[in-house]
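Enquirer: What follows is the residue order along each chain.
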Amino acid sequence: MSIWTEALAIIPALLSGDSFNITEASRTGGAWVFGTVFTLVGGMIVLAIYRAIPWLDRHFEPTLMVYTYLGMAIIIFVEVFRRFVFSMQEPWSTTFPPVLFLVMTWFGCSWNIKLRTHLAFNEFRTAMPRPMQLACVTLDAVLWLIFCVIVVVTGSRIAANAAMNFQILEGTNNFLKWWFLITMPIAFVVMAARVFENLFEDWANYRSGDPIINQSVIGGDTG
Amino acid sequence: MTDATLITAISLGVTFLFMLGVPVFLIIGYWVIGTTFVLGQSLDNMGAELSNVFVKGFALLAMPLFILTGDLINRSGIARRLSDFAYSCLGFLRGGLAMAAIGACGLFAAISGSNAATTATIGSMLHPEMVNGGYDERFSAATAAAGGTVGIIIPPSIIFIVYGYLMGLSISDLFIAGILPGALMVFAMMLAAWIICSMNGWGILIPLRMGRILKTAFGAWLGFFAIGLVLYGIYTGKFSPTEAAAVTVGFCLIVGLICYPLNRIMHNHGSDTPVDQKTYRDMAVVEGFKLTEIPAITMRSAQITGILAPLIGISVVMQQNLSLLGAQEVIGNFVTGMGGYYAVLFTSMLIVFVSGMILESLPVTIILAPILAPIAATVGVDPVHFAVIFLVGASIGFITPPYGLNLYVASGVTGVPYFRLLRYIVPYLIALIGTWFLVAFVPALSLMLLPN
Numbered sequence: 001m002s003i004w005t006e007a008l009a010i011i012p013a014l015l016s017g018d019s020f021n022i023t024e025a026s027r028t029g030g031a032w033v034f035g036t037v038f039t040l041v042g043g044m045i046v047l048a049i050y051r052a053i054p055w056l057d058r059h060f061e062p063t064l065m066v067y068t069y070l071g072m073a074i075i076i077f078v079e080v081f082r083r084f085v086f087s088m089q090e091p092w093s094t095t096f097p098p099v100l101f102l103v104m105t106w107f108g109c110s111w112n113i114k115l116r117t118h119l120a121f122n123e124f125r126t127a128m129p130r131p132m133q134l135a136c137v138t139l140d141a142v143l144w145l146i147f148c149v150i151v152v153v154t155g156s157r158i159a160a161n162a163a164m165n166f167q168i169l170e171g172t173n174n175f176l177k178w179w180f181l182i183t184m185p186i187a188f189v190v191m192a193a194r195v196f197e198n199l200f201e202d203w204a205n206y207r208s209g210d211p212i213i214n215q216s217v218i219g220g221d222t223g
Numbered sequence: 001m002t003d004a005t006l007i008t009a010i011s012l013g014v015t016f017l018f019m020l021g022v023p024v025f026l027i028i029g030y031w032v033i034g035t036t037f038v039l040g041q042s043l044d045n046m047g048a049e050l051s052n053v054f055v056k057g058f059a060l061l062a063m064p065l066f067i068l069t070g071d072l073i074n075r076s077g078i079a080r081r082l083s084d085f086a087y088s089c090l091g092f093l094r095g096g097l098a099m100a101a102i103g104a105c106g107l108f109a110a111i112s113g114s115n116a117a118t119t120a121t122i123g124s125m126l127h128p129e130m131v132n133g134g135y136d137e138r139f140s141a142a143t144a145a146a147g148g149t150v151g152i153i154i155p156p157s158i159i160f161i162v163y164g165y166l167m168g169l170s171i172s173d174l175f176i177a178g179i180l181p182g183a184l185m186v187f188a189m190m191l192a193a194w195i196i197c198s199m200n201g202w203g204i205l206i207p208l209r210m211g212r213i214l215k216t217a218f219g220a221w222l223g224f225f226a227i228g229l230v231l232y233g234i235y236t237g238k239f240s241p242t243e244a245a246a247v248t249v250g251f252c253l254i255v256g257l258i259c260y261p262l263n264r265i266m267h268n269h270g271s272d273t274p275v276d277q278k279t280y281r282d283m284a285v286v287e288g289f290k291l292t293e294i295p296a297i298t299m300r301s302a303q304i305t306g307i308l309a310p311l312i313g314i315s316v317v318m319q320q321n322l323s324l325l326g327a328q329e330v331i332g333n334f335v336t337g338m339g340g341y342y343a344v345l346f347t348s349m350l351i352v353f354v355s356g357m358i359l360e361s362l363p364v365t366i367i368l369a370p371i372l373a374p375i376a377a378t379v380g381v382d383p384v385h386f387a388v389i390f391l392v393g394a395s396i397g398f399i400t401p402p403y404g405l406n407l408y409v410a411s412g413v414t415g416v417p418y419f420r421l422l423r424y425i426v427p428y429l430i431a432l433i434g435t436w437f438l439v440a441f442v443p444a445l446s447l448m449l450l451p452n
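So the sequence lines, in the order shown, correspond to chains A and B. Mapping the first sequence onto our numbering, position 153 (from 1) lands on 153, and the numbers just tick up by one. Mapping the second sequence onto our numbering, position 406 (from 1) lands on 406, and the numbers just tick up by one.
Pulled out of the complex, with its shape left as it was, chain B reads as follows:
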């Protein structure tokens, strides 16, 4: 048997295992083991890389830290305040709560860097309210899943960190480049939610009142401060992304621990009290958490990191084997054979989209970015612009069946079965694909905020 036949057999074999429900980590792991034998190499390389990826990857530390930030802002009550603010601004529109959920995802994403954390937090927080507010539960779950996609585009972002780490690009530049496309994704999804809700008459309208907006904005001041802290660090370059993540974690820990006793001393109303019944004094501090709660909060983040980090490690080895097998040349020849600038761009987008349907976004990025980015650069696509195009595509992969991580997370936190929410994800998918093309056609959307 030729090497090509063997590799095809290995790839088909692991695809079969994937369909049988074998964990993705093992799928990639066994592909790596099989191809290592075909390449006639030692498995020692795999063992070495599974530790080296972490031991030598200070930049990668931003990933667990931004995941922890997400859980801290959720538990401290900051996330709730951000969603209250979003609802105050958008509740007067038909589908206001759905739009607020998407807006809250955008605000949450500006502090955390994880799509799964964004979906889980906003989904578990707003799904019951949406169902009580007359929304279809499938639409509500789909909204949480779709809203979570911006978690990795609006900075900070785990996947930008991985991309920058792999491709040697400035992670700060990538973060800045993600701001406008992320905002555009939020806007497009809000538009989709508004259209769907208007057609179905879903949602209870609340009057637009400046007093309420100001009060909820005041209540969310700690969230805005955290967003400012991240953006300040990134824009000024005073911290590396990893340090910005640690500073945000430190800020959230301090805020949570100070606010908890402060709240008790001030005898504030609880978090369940409607905003209208709260005073400015109530809104000054968030609920916070006790010192003894920190291990449980950290454990939740650690569990998510324990899923994603091994995937990064094994995907890096997979990427190395793909390079040794000459996949870069094969895919490169195919993509460059398509023609010029737009042909290369759209072929790359198609490859990312299809891969996102069957693989988790981290492996997609680790495997395809080193292959596609150099080709895109040869036809004149700016590396940072291509990174944004690539990663917006990868983020859409979070809601494309059969393998859409956010769909699973949303299904898990809302209890809506996976297959039942697929129909309601379609409008969001259309909105996001439209935005993706806009980002691809207009490089300025990604590049205009970059410092010269």
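Just chain A, with the same shape it has in the complex:
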């Protein structure tokens, strides 16, 4: 099979909903072609949704981040209290918070792309002429997008594999692990949307003569 046929074969596998078929299809080289198209088109679709519904643009990642964050804190706090006072503790209280942490981490990573607060050594970049600055922010976007494609493909393979093996979240009876593992590739599609958003903004700033690089403050704009 050619790489294009392999890529197209993923669509019926996904539509079948059968985890074995999905896993087999995602192991081929065509998964990279499919993953690239999926990430880029998915990112553009998410961006279009953000543009159509500005509330989502402002609140989607923050809402997920805040409630998963508070969720893990409250679960652990309540379970420590129950252990001390009632000598009992839910078995999932040590396995569920980490998957919430996973969700929070990657959606938090996406939000920091929007805010441009990922740690970077910007001193030389800020001193560059405007065309060079534009080249640098475009380079950032390209590097982010390639990285997103890689994680979407490899992360989806891991989730599909977990689904095929019916992996259950430890301590629970019926929470499948892939429900949580799939959030990582989804977060990277959302990241792709944020990368496109920043890139379009940078090009618009370049054309309008506005500053391309602004000093961002960690914790300064928390949505």
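Don't take each hint at face value.
A short, non-exhaustive set of chain B residues, derived as facing chain A with CB atoms under 10 Å [as the list claims (entries may be wrong)]:
#1 Phe58
#2 Gly237
#3 Ala246
#4 Thr298
#5 Ala302
A short, non-exhaustive set of chain B residues, derived as facing chain A with CB atoms under 7 Å [claimed, not checked]:
#6 Gly13
#7 Phe16
#8 Met19
#9 Leu20
#10 Leu26
#11 Asp44
#12 Ser51
#13 Phe54
#14 Val55
#15 Leu61
#16 Glu360
#17 Tyr403
Quick caveat, the hints were computed from the structure, so don't treat them as lab data. Note that beta-carbon positions come from the ideal geometry of N, C-alpha and C, so glycine has one too.
Since the structure of chain A is provided, determine the placement of chain B on it from the hints.
Expert: Coordinates of chain B only, in the frame set by chain A:
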């Protein structure tokens, strides 16, 4: 091309990207991708590890929780009370406010576990007061940056959690081992601040009054209680560090929510009222916060966690690739080739120091600790002692240019440009390096408080 040439080219390539201002997460990510190809491995391992690090890392949860604690004590007004107390004790000395800022960093660090949160909180709170009090704004920003370094040495500490998680050491033991070196760092930086301020005549002196000290100590009682709660959990082993963090978060949430209506009922003076005009009744409760403010407070912590946690994930994969490339043997042979106990120790310290100048401390720890710690153990350095030496070095990396995270945070919260505050960081750097050597020479400083 040989593998060694390829890896050198990849490393130089990502260094070039770093200088161009590409985010550190991507720098490490692309190094991992490049070396994965050189090793002839599948990228699937990276995808798996980026989720496994979190899904299998209950101990790592302490990191976001201690960051949240920092924001909660800041917003509830507990941090302000701790800094008032520090100023009451030290304001009679030349440079008292700068010393109080460092002392407040130490107290704040004893509840929170984040250097960035410590710098941001104390910097934004005391920088305007320091500038109004006649201090040079560059010195004030540098003080906040330097003070924040103790955020990860005085327990609880995010980086101790990561180190213990990686090296299989008791995180509680590491926390206890960090107490005295952290206190020593605070003292050394205060000394540096006093010398600089005395030379420049900076600061307005306030009289040392026992009444004021007692009143501010009373006002900070909730902060002391939170510190006691963390230390109790760690010392007795009643909670794991993650649970201690969650308990502290729960305590701060409850305190904040109770104090807010209580403050209104009691018609207390606001937080802007000078301490001298406040009564003991005013000081009994802190400002607190409303239930509706909790999402905004949590969001601030979540944003910082959203920067640090991905770095941890990708650094773990980088460390695995380094192991597969045999970096452990190469660095190990180099370090062991230096000679005995002190030669190994100082070579390790030099490697940590230089790495801290160009990398964020979390990657430095994740990448170098598994390489250097076993070598140090072979020449007889106690693993907990080495952890403290390593992490004090890593904390100094927060204020060493070109890549010093605290310098960026301090610059961000104070508005002083990065390059302008570098000159004033030097005295603190000297003080901290002196302390680092003392910690390395005297193992008892790290080990004497450990339970037998």
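Enquirer: Hints the structure violates: just list their numbers, smallest first.
Expert: Violated hints (numbers, rising): 2, 6, 7; every other hint is consistent with the structure.
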